[in-house]
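**Q** Letter by letter, the chains look like this.
2 protein chains.
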Amino acid sequence: MRIALDAMGGDFAPDAIVKGAIMAAREIDEATSLLLIGKEDVVNSLLKEYGYTGNKIAVVNATQVIEMGEHPTKALTHKTDSSIAIGFGLLKMQQADAFCSAGNTGAMLVGAMFSVKAIEGILRPSIANFVPKLKGGYGVILDVGANAECKPEVLEQFGELGSIYAKYVLGIDNPKVGLMNLGEEEGKGTVVVQAAYQRLKANGNINFIGNIEGRDLFNDKADVIVCDGYTGNIILKMAESLYDVLHEKGISDPFFDKFNYEAEGGSPILGVNGNVVIGHGVSSPTAVKNMVLQAQKMVSSKIWERFKKNYNE
Amino acid sequence: MRIALDAMGGDFAPDAIVKGAIMAAREIDEATSLLLIGKEDVVNSLLKEYGYTGNKIAVVNATQVIEMGEHPTKALTHKTDSSIAIGFGLLKMQQADAFCSAGNTGAMLVGAMFSVKAIEGILRPSIANFVPKLKGGYGVILDVGANAECKPEVLEQFGELGSIYAKYVLGIDNPKVGLMNLGEEEGKGTVVVQAAYQRLKANGNINFIGNIEGRDLFNDKADVIVCDGYTGNIILKMAESLYDVLHEKGISDPFFDKFNYEAEGGSPILGVNGNVVIGHGVSSPTAVKNMVLQAQKMVSSKIWERFKKNYNE
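Line by line, the protein sequences give chains A and B.
For reference, each letter of the first sequence is one residue, going 1432 to 1744 in my numbering.
For reference, each letter of the second sequence is one residue, going 1432 to 1744 in my numbering.
Simulated from the structure, these hints should not be mistaken for laboratory data.
Pairs involving identical chains hold if they fit within one copy or between any two copies, as the list cannot separate such chains.
Restricting the straight-line Cα-Cα distance to at most 30 Å, the calculated cross-link-like pairs of lysine-lysine (DSSO-like) are: (1) Lys1632 with Lys1505; (2) Lys1680 with Lys1607; (3) Lys1564 with Lys1739; (4) Lys1564 with Lys1680; (5) Lys1619 with Lys1505; (6) Lys1619 with Lys1510; (7) Lys1619 with Lys1548; (8) Lys1740 with Lys1582; (9) Lys1689 with Lys1564; (10) Lys1680 with Lys1566; (11) Lys1523 with Lys1510; (12) Lys1652 with Lys1740; (13) Lys1619 with Lys1582; (14) Lys1564 with Lys1582; (15) Lys1582 with Lys1632; (16) Lys1487 with Lys1523; (17) Lys1632 with Lys1607; (18) Lys1652 with Lys1689; (19) Lys1566 with Lys1652; (20) Lys1632 with Lys1564.
Fair warning: this is a prediction, and the values are worked out from it, not measured in the lab.
Given only the sequences and the hints, what does the whole structure look like? Please build it.
**A** In structure tokens form, the structure reads like this:
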């Protein structure tokens, strides 16, 4: 398989990305290679500088860079030779099996929607993230920011997408789906959440266990946590900030260390015709490496094809 | 001042409440006394059992108890001699300056609305809570569960209520008001949050600093955090559960210890004609003591009278 990686995206690009790519090259499967997209001379000289002499990394030239603050749609329209545009081109032409970038999140979302596009039958693709579980392993939470507000049927579909993802990528048998709410009882929450509850409950394809609360994020109640992107984004950033506080205080713990964004390295976009992972803007080399390994798992588990099959058979 | 305390409310009532009342009696001001409401014989025998011989606690008889699972409105209508009904009666008749209970939250909210009622001009009273700040002290977050969804004008008013509370109860000069959102930029978030942003920005009575994110809860950006009750409840319960995890792991830290619900002991209802504090269902004696001390601070600062003045002058 070939994993495309944007060498120019992220606050510490291209250095951190090239370093991360070299780390990833040492850990990926024999049959996997990396396509490192960016300004050819810059990327090649960094690979040389960091002493990379292997054959797992190929450099793909991209003369332009979409900056972090640029308007996603405008930037993608004008910068057709940017690393993000090239990456999605490779993904669309199936010259890459996955595309990862720690660059402009909006451009990554828009790029995915304009190139490989949403899977037929998917109402709103979603950005997912990972929730460390006290018993070990991870659950998946979605959405964490692609859709600030969601209709009940969109939340229902997040339950389905998350369920398939938890089963095939996280290897959780019959994953438990919980709806994030302010109380356990049926009938709690906003009108949208109440309607989503009824839809999730009636959905025979998922193992819906009902409402969960903020205190249930890390326990064993649910493997898949369904919420709108406004709520998920707040939860995610709150967890990340708590990791930072613990880290600054010198408190280290295997469970809380998983709150570090580096641990999984990025957030997958679920529901588009391809494997796409968005990294954190501040991505370190370790985060980049883990983002690539996450993409490798997504490709191996044929996750987007499974989503497609689910909605088109 | 007289602070009424429901002896029968909470998972560990009446034992934990009576113990907490005795602890509070040792710490309250000379001029403050407690009205302990519950089954007279039970409460008196517990006071005796725990060796209380002071004159700061008076027992007020209430023959009925509203249980944790009861329907709030039905329970209040039928149990007119319950500790919660009696408590609100005392508050309404100004025989108590504050009423605290760790009992049925719904009954406390409904009781407040039916007895002392919302202050004229207040669209929706709110349950507030406290956010420990890394620099020390607390911020205030509202709503944390009274109103699952809120119109923009309600969120705007939360900004005003929180601002007055932060100034007079927490002693923060010119408190900074932040709107919880999934991004910093104006124009981010749901339609409601976007509209609330514009209203808060145009409000000359508060020091609105714009959107804040999940990562800003504990930093210096905002003293008052405005959000709907769905979001605030999730944030609050997530923080409490993280304290529990740290505690179980034996990790102790002055900042994280403030995530313990016991530290402030309860959540004030803001926007009704009286001082009301709702305790956690699992309230320990320490939590009860701190709930009483919180109520004392609210009475001293004349907080509900200040709210009233703000909307009626």
